[in-house]
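S.K.: First to last, the sequence lines map onto chains A and B. Note that my numbering has the first sequence beginning at 17, numbered continuously upward. Note that my numbering has the second sequence beginning at 2, numbered continuously upward.
I should point out that these hints are in silico values taken from the structure, not numbers from a laboratory. You may find that some hints are simply not true.
[What the hints assert, rightly or not] In silico negatives: residues of chain A with every beta carbon more than 12 Å from chain B:
(1) 20
(2) 35
(3) 60
(4) 64
(5) 86
(6) 91
(7) 100
(8) 105
(9) 114
(10) 122
(11) 129
(12) 134
(13) 147
(14) 155
[Said to hold, decoys possible] Capping the alpha-carbon separation at 30 Å, the derived lysine-lysine pairs in DSS-like fashion look like this:
(15) 146(A) to 272(B)
(16) 80(B) to 31(A)
(17) 146(A) to 134(A)
(18) 262(B) to 134(A)
(19) 87(A) to 102(A)
(20) 195(B) to 272(B)
(21) 134(A) to 79(B)
(22) 87(A) to 51(B)
(23) 31(A) to 98(A)
(24) 179(B) to 253(B)
(25) 195(B) to 179(B)
(26) 98(A) to 84(A)
(27) 262(B) to 51(B)
(28) 134(A) to 215(B)
(29) 124(B) to 80(B)
(30) 262(B) to 219(B)
(31) 253(B) to 51(B)
(32) 179(B) to 31(A)
(33) 51(B) to 80(B)
(34) 124(B) to 41(B)
(35) 79(B) to 146(A)
(36) 80(B) to 147(A)
(37) 84(A) to 253(B)
(38) 179(B) to 41(B)
(39) 51(B) to 219(B)
(40) 134(A) to 80(B)
Glycine residues also receive a C-beta, built at the ideal position from the N, C-alpha and C atoms.
In case you want the letters, here they are:
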Amino acid sequence: MSALGRILLVEDDPKDIELIITTLEEYNLANEVVVTSDGEEALDYLYRRGNFATRSNGNPAVLLLDLKLPKVDGLEVLQQIKSDEKLRLIPVVVLTSSHEERDMVASYRLGVNAYVVKPVDFFEFVNAIKKLGVFWAIINEPPPGSIKAT
Amino acid sequence: MVVAARRAGAAAAILETNNDITERQRREQEIRTLNEELEKRTAELEAINKELEAFAYSISHDLRAPLRHMAGFTQLLKKNAASLLNEKSQRYVTMILESTQRMGNLIDDLLAFSRIGRTETNKTMVSLDQLVEEALTEVRQDAGGRNIVWRVAGLPAWYGDRSMLRLALVNLISNAVKFTRTRSPAEIEIGCMKQEPDQVVVFIRDNGVGFDMKYVNKLFGVFQRLHPTEAFEGTGIGLATVQRIAHRHGGKAWAEGLVDKGATFYFSLSKSPESNL
């Protein structure tokens, strides 16, 4: 098996976090997951400032990004990433409850790499999270400078 | 009402002594006032309608997250604690899961219904024949193994919103499949009843359990059901959705039925440009 890429999960709902992490653990995909619970913290992680000032170098292999977030919302985080020369290659997957078409269109306009609506049905949810984890942390070859477990 | 009263008061005095021009001016003024009133009322209704749609949407949307958590953690509980729970408790867990699933379906259907009211129609020439084919493919997957005799007559191409018309056909055909469950063979007929230059009527007829015409007005209401959920599953939004789709095409939906003798559902589509409501 190839090395596991770092996943940055940006999600404010603790219950969603637990369900996502539990699912990833089940498939041995959780070792490289970092969780930030609002947009500001996510940007702190990416820019290695605040609580993350001392973290080691490198970008996550993928960002799983909720849209409804406190402080800085998901679309703002996406915009910041995609307009920064050093960050814009990081694959960003929006993972949201929203079927709202304008959210989807706005995300694609800003350059999102994938848009996934969280299924209500638990088996579909598990399936979606598993596929996302396997694809973005294992199958996909992330851009240079991404963090991978060795 | 105010306008009418004012008219009555003014007319008595003016009519006797003034010539035709004054009378015409007065009438023109009246029409203007009435039009202004009407425009104001229309704007108000549109605003209220938009608000309602937004409300329905945000409710549906915000209900999804807690529901997902309930379903998720109950599923985990079932998995982790299965060996600790007695038979009765396991049944409770199953019932919670069934209820979350049902609520999920309700929310999804309500969302779809609300979306039809909110989104702009995107009208092009659509082959109704092809839409029926697509709808049949989708519905047949759920009807696996059933003995169903299909009679599909040729349908015209028509001007309309492809995805909405497809949804209307899927809803009606899956209804026909559902309510003929007790029949073997089930007979389902799909065809076009009337075709005029500016209107077409599509019908779906079945030999299923039918319904009492006494309740025909309830059929197309949101969350209205004429059968217990245990006998025929469903959320009660399907026909309301069909009705709304027909309205958005300048048409309407209606039904005929007899208890135990099957039902026929119709919807009409108009071609007029005013049908963009």
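S.K.: Take the hints in turn and mark each one as holding or not.
M.R.: Cross-check of the supplied hints:
Consistency note on residue 20(A): stated as away from chain B, and its beta-carbon is indeed over 12 Å from all of that chain's, at 23 Å minimum. Not every CB of chain B is more than 12 Å from the CB of residue 35(A) (nearest about 5 Å), against its label as outside the interface. For residue 60(A), the non-interface assignment is confirmed: its Cβ lies about 25 Å from the closest Cβ of chain B, beyond the 12 Å cut-off. Residue-level check passed: residue 64(A) sits 31 Å from the nearest beta carbon of chain B, beyond 12 Å.
No beta-carbon of chain B is positioned within 12 Å of the beta-carbon of residue 86(A); the least distance is around 15 Å. Every CB of chain B is more than 12 Å from the CB of residue 91(A) (nearest about 16 Å), matching its label as outside the interface. Distance check for residue 100(A) against chain B: the nearest CB is about 30 Å away, which clears 12 Å, and the non-interface claim stands. Residue-level check passed: residue 105(A) sits 31 Å from the nearest beta carbon of chain B, beyond 12 Å.
For residue 114(A), the condition that its CB be more than 12 Å from all CB atoms of chain B is violated, with the nearest at approximately 7 Å. Against chain B, the non-interface label of residue 122(A) holds: every CB pair exceeds 12 Å, the least being about 16 Å. The beta carbon of residue 129(A) is kept farther than 12 Å from every beta carbon of chain B, the shortest such distance being approximately 23 Å. The Cβ of residue 134(A) sits about 6 Å from the closest Cβ of chain B, inside the 12 Å cut-off, so the non-interface label is violated.
Against chain B, the non-interface label of residue 147(A) holds: every CB pair exceeds 12 Å, the least being about 17 Å. Every CB of chain B is more than 12 Å from the CB of residue 155(A) (nearest about 25 Å), matching its label as outside the interface. Between residue 146(A) and residue 272(B), the direct Cα distance comes to roughly 47 Å. Violation of the 30 Å bound is thereby established for this hinted pair. Proximity of residue 80(B) to residue 31(A) is assessed by CA-CA distance (about 18 Å); at most 30 Å being required, the pair is judged to hold.
Proposed proximity of residue 146(A) and residue 134(A) is supported: the alpha carbons are some 12 Å apart, at most 30 Å. Between the alpha carbons of residue 262(B) and residue 134(A) the distance comes to roughly 43 Å, so the proposed pair goes past 30 Å and is violated. Distance check on the hinted pair: residue 87(A) and residue 102(A) sit about 23 Å apart at the alpha-carbon level, within 30 Å; holds. Proximity of residue 195(B) to residue 272(B) is assessed by CA-CA distance (about 13 Å); at most 30 Å being required, the pair is judged to hold.
At roughly 21 Å between alpha-carbon atoms, residue 134(A) and residue 79(B) fall within 30 Å of each other, so this suggested pair holds. At most 30 Å may separate the alpha-carbon atoms for a hinted pair to count; residue 87(A) and residue 51(B) meet this at roughly 28 Å. Among the hinted pairs, residue 31(A) with residue 98(A) is consistent with the structure: their alpha-carbon atoms are about 28 Å apart, no more than 30 Å. Restraint check: the Cα-Cα separation between residue 179(B) and residue 253(B) comes to about 23 Å, which is no more than 30 Å; the hinted pair holds.
A distance of roughly 26 Å separates the Cα atoms of residue 195(B) and residue 179(B); the hinted pair therefore holds under the 30 Å criterion. Distance hint between residue 98(A) and residue 84(A) is fulfilled; the C-alpha atoms sit about 18 Å from each other, no more than 30 Å. For the hint pairing residue 262(B) with residue 51(B), the CA-to-CA distance comes to about 41 Å; that exceeds 30 Å, so the pair is violated. A threshold of 30 Å between alpha carbons decides the hint, and for residue 134(A) with residue 215(B) the separation of about 42 Å lies outside it, so the pair is violated.
Pair hint residue 124(B) plus residue 80(B) does not hold up; C-alpha atoms about 48 Å apart against a cutoff of 30 Å. With a CA separation close to 19 Å, the supplied pair residue 262(B) and residue 219(B) stays within the 30 Å bound. Using a Cα cut-off of 30 Å, the hinted pair residue 253(B) and residue 51(B) holds, with the two alpha carbons roughly 21 Å apart. Restraint check for residue 179(B) and residue 31(A): not satisfied, since their Cα atoms lie roughly 37 Å apart, outside the 30 Å limit.
About 44 Å separates the Cα atoms of residue 51(B) and residue 80(B), which puts this hinted pair outside 30 Å; it is violated. Of the supplied pair hints, the one linking residue 124(B) and residue 41(B) holds, its CA atoms being roughly 29 Å apart against a limit of 30 Å. Taking the CA atoms of residue 79(B) and residue 146(A), the gap is near 20 Å; set against the 30 Å cutoff, the hint holds. At roughly 21 Å between alpha-carbon atoms, residue 80(B) and residue 147(A) fall within 30 Å of each other, so this suggested pair holds.
As the CA atoms of residue 84(A) and residue 253(B) are separated by approximately 39 Å, the hinted pair breaks the 30 Å bound. At most 30 Å may separate the alpha-carbon atoms for a hinted pair to count; residue 179(B) and residue 41(B) exceed this at roughly 45 Å. Restraint check for residue 51(B) and residue 219(B): satisfied, since their Cα atoms lie roughly 24 Å apart, inside the 30 Å limit. Using a Cα cut-off of 30 Å, the hinted pair residue 134(A) and residue 80(B) holds, with the two alpha carbons roughly 21 Å apart.
Hint compliance for this structure: hints 2, 9, 12, 15, 18, 27, 28, 29, 32, 33, 37 and 38 are not met, and every other hint is.
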